[in-house]
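**Q** Okay, here's what each chain looks like letter by letter:
Number of protein chains: 2
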Amino acid sequence: MAKELTTRSENYSQWYNDLVIKADLAESSAVRGCMVIKPYGYAIWEKIQAELDRMFKETGHVNAYFPLFIPKSFLSKEAEHVDGFAKECAVVTHHRLMASPDGKGLIVDPEAKLEEELIVRPTSETIIWSTYKNWIQSYRDLPLLINQWANVVRWEMRTRLFLRTTEFLWQEGHTAHATEAEAVEEARKMLEVYADFAERFMAVPVLKGVKSANERFAGALDTYCIEALMQDGKALQAGTSHFLGQNFAKAFEVTFMDKSNKLDYVWATSWGVSTRLMGALIMTHSDDHGLVLPPNLAPFQVVIVPIYKNDEQLEAISEKVAYITAKLKALGISVKFDNNDNKKPGWKFAEYELKGVPLRLAMGARDLENGTVEVARRDTMTKETVSIEGIEIYIDQLLKDIQTNIFQKAYDYRASVTRDVNSYDEFKVEIEKGGFLMCYWDGTPETEEKIKDDTKATIRCIPLNGDITPGVCMVTGKPSTQRVVFARAY
Amino acid sequence: MAKELTTRSENYSQWYNDLVIKADLAESSAVRGCMVIKPYGYAIWEKIQAELDRMFKETGHVNAYFPLFIPKSFLSKEAEHVDGFAKECAVVTHHRLMASPDGKGLIVDPEAKLEEELIVRPTSETIIWSTYKNWIQSYRDLPLLINQWANVVRWEMRTRLFLRTTEFLWQEGHTAHATEAEAVEEARKMLEVYADFAERFMAVPVLKGVKSANERFAGALDTYCIEALMQDGKALQAGTSHFLGQNFAKAFEVTFMDKSNKLDYVWATSWGVSTRLMGALIMTHSDDHGLVLPPNLAPFQVVIVPIYKNDEQLEAISEKVAYITAKLKALGISVKFDNNDNKKPGWKFAEYELKGVPLRLAMGARDLENGTVEVARRDTMTKETVSIEGIEIYIDQLLKDIQTNIFQKAYDYRASVTRDVNSYDEFKVEIEKGGFLMCYWDGTPETEEKIKDDTKATIRCIPLNGDITPGVCMVTGKPSTQRVVFARAY
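Heads up: the protein sequence lines correspond to chains H and W, in order. Position 314 of the first sequence, counting from 1, maps to 313 under numbering that gives the first Met the number 0, and the rest follow consecutively. Position 100 of the second sequence, counting from 1, maps to 99 under numbering that gives the first Met the number 0, and the rest follow consecutively.
These are computed hints drawn from the structure, not numbers from a lab. A hint or two may mislead.
Put simply, identical chains are the same to the list, so a pair is met inside one copy or across any two.
[What the hints assert, rightly or not] Taking lysine-lysine pairs in the DSS-like style, the calculated list, with each CA pair at most 25 Å apart, reads:
| # | residue 1 | residue 2 |
| --- | --- | --- |
| 1 | 408 | 56 |
| 2 | 46 | 56 |
| 3 | 249 | 103 |
| 4 | 427 | 455 |
| 5 | 112 | 86 |
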């Protein structure tokens, strides 16, 4: 199995695609740009969902569900928003099929044309703010802290499994507030939630920052983001949290009576992460042998493979395994015992390596005699023989070590390719090597555009906690308030 | 609040609609036939999802995700299936909007017409079986036991919140098997899971049966179903499980090599329940005061309302409440303490009655003195004053009693309106009174049609565990193998 994987140095992009398919995470479907998320991939997504959902609820949010369809006229109400999405919309125009008059298959029934076309939601600000209009009258109705788990559709021209697909799964938070300060605080709070999740669960280190005007969400006043760095030196935007000001409240006339009986427009945020996180997870940790999963998100953290010559041995091993499994489960560790007789241990080893199971335990005749088990770490590919007594404590600690280790490895890699660059000539050389380049920029969209045109690099973010020593723009020599992060990006 | 609710006897249908809206469960959206599921309603749906998901996984199923869109040609491949769904399809024909040449808003870009139209999935058999084709080669790849949580769209002409909406949320299981017997067993097993869930969690008694040919799912050989009875005497189909035979395998050419090296088509099932369950839940238990929720699915099982004259009293009460809450939470009981100062206790009482919270605790100055709390049951509307010592045991038992009581009440009601009817004249009188009528039917679609045309009653199911004494059809006098269940239905 593993040998069929293209290596990263050979062709990074092909390696990613091979891995997603061979590790049974997802595949392309018969529908252009839409993927099928396979059970193993979906199990990881379920873990991501469960943790995020818990974090959202702990921060006071509740879930709801809004329609899949958005009337065309709604999309048009916020000028920047429509500019951002009109060009990539799936449009429903009819509500019925009929038998073709020539008897060959089905055609769209021309009699069933909709009066107004419906857009399959690319994001839900417009349908949600049209609803909030009826829910909000007074400051007593605020804040409204609502999240939705949903599918969305953006008609992308070039798609890649998880990273950019026509349909994707995501969550979108949409909150309403009485004051600007409170809305900004909410947008920043959710950015912290995303960063915390990325680092503690995905083991993916992220930079927190704010987008330049060019890279802002269509309709936002500020877009906060977390930016991760992949092993090929390219950046990946992993989550965004938008301060929307009063733009959507104005577009949908959502006003409220404040404490002093004054009518004002409501302040808004929206924030989302998607199945794109799967791409970040895969590309941050995996290697030429396959997937490497953080224990905190692995569908199962430990797999146990028996090595036996006959039924008697298998039975003896199974007994020991039942003992170990019970101990591990009591500590909340998920375990799979693979006693499938159709496959050889070597095949299983390669399979679980490919699927990134954090720990593989193997038990054979000698282990039975000695009361031991072989423990193999996926992240370091190291093995050791360990006594069964107290193994649950050992494994519990090992899983924590793996979680820390893969985060540290990714963190160190990022540190090794993050550097200050001070001249545009140097920039043009350095950008070819990948990584995050910390540079002075004069703050204008024109300079940003020029850099993008010249080098395909974009400003990933203006760091929130970065060095704020002023300097001069590497391109124009104009004053700059702080270094910003440049990279080529997914 | 409660006084604004139409009573059931006044207008049952209006009562239902009032209740769904006033209890903050759902509302109609700006998109025809699509609803917004509000946070309180969605919280119940999340509980339903969590329990069902656990039950599916316990029976060996895994989740996955398939595309929202189905190419038009796929829908046409199974003849009966397409007949069933072609007339109610949302059809995507274009992938881009553009500015209108007259400068007024947006129009569909005629240049962005799709080569083949896409249907928003009304159900996923076709897209899933087109995918299974690549996943199944040998008996070793079987069974495939996959479930999907998703939104689906059926362009219904008349919609009602939860009961029948253009878009709804559901789960759809799609399994593939090597033998007919195994597929039939799977379809029946999932029917048992649905019945078990309906009775133990929703507290809704259901009849298990199989549909007559007229009422079968489009493309199925057999449709198993659970049928519930609402308080107005109308039946509601709450879940279906289909034995699909080899129909979809043949339509999508999904074959496998069996153990004896013979190529055969794969056997299939599909099964689903939807947000329609919310309608069954609401209509089975609720009363003229509002919602009545089973403790096993209530977003919070206990609400505590303080009754106080000053901050000092509130503080003393809050302290006691913290003690009670900790005890309850330790037993896994969910509690909300409503110390909102903007609302009076009377308002809160009415609100939680309306929202169906199983138990309401109220604590005032006298309770503080006496070490007591007032406990009010939503189902019986009875109150008693109880000592705080050991209250968690008392409440835990009370919640179990409520769960049992509302099931029993619904069961008794159903029993009271289920009766044998032996002549068609009697049938025509009895059907006006509602309930389940157990009648002999000759087994022909023609007789079934005639009864439907005459009386609007349909065969809800042929009971799986019913009396199988033979008799003669009430309409034609022809022989009949067993009584079947007739009712008017939602």
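**Q** Against this structure, judge whether each hint is valid.
**A** Verification of the supplied hints:
no. : hint       : in the structure
1   : 408 to 56  : neither (31 Å within a copy, 35 Å between copies)
2   : 46 to 56   : both (16 Å within a copy, 14 Å between copies)
3   : 249 to 103 : between (50 Å within a copy, 19 Å between copies)
4   : 427 to 455 : within (10 Å within a copy, 77 Å between copies)
5   : 112 to 86  : both (22 Å within a copy, 13 Å between copies)
Going down the numbered hints, you'll see the structure goes against just number 1.
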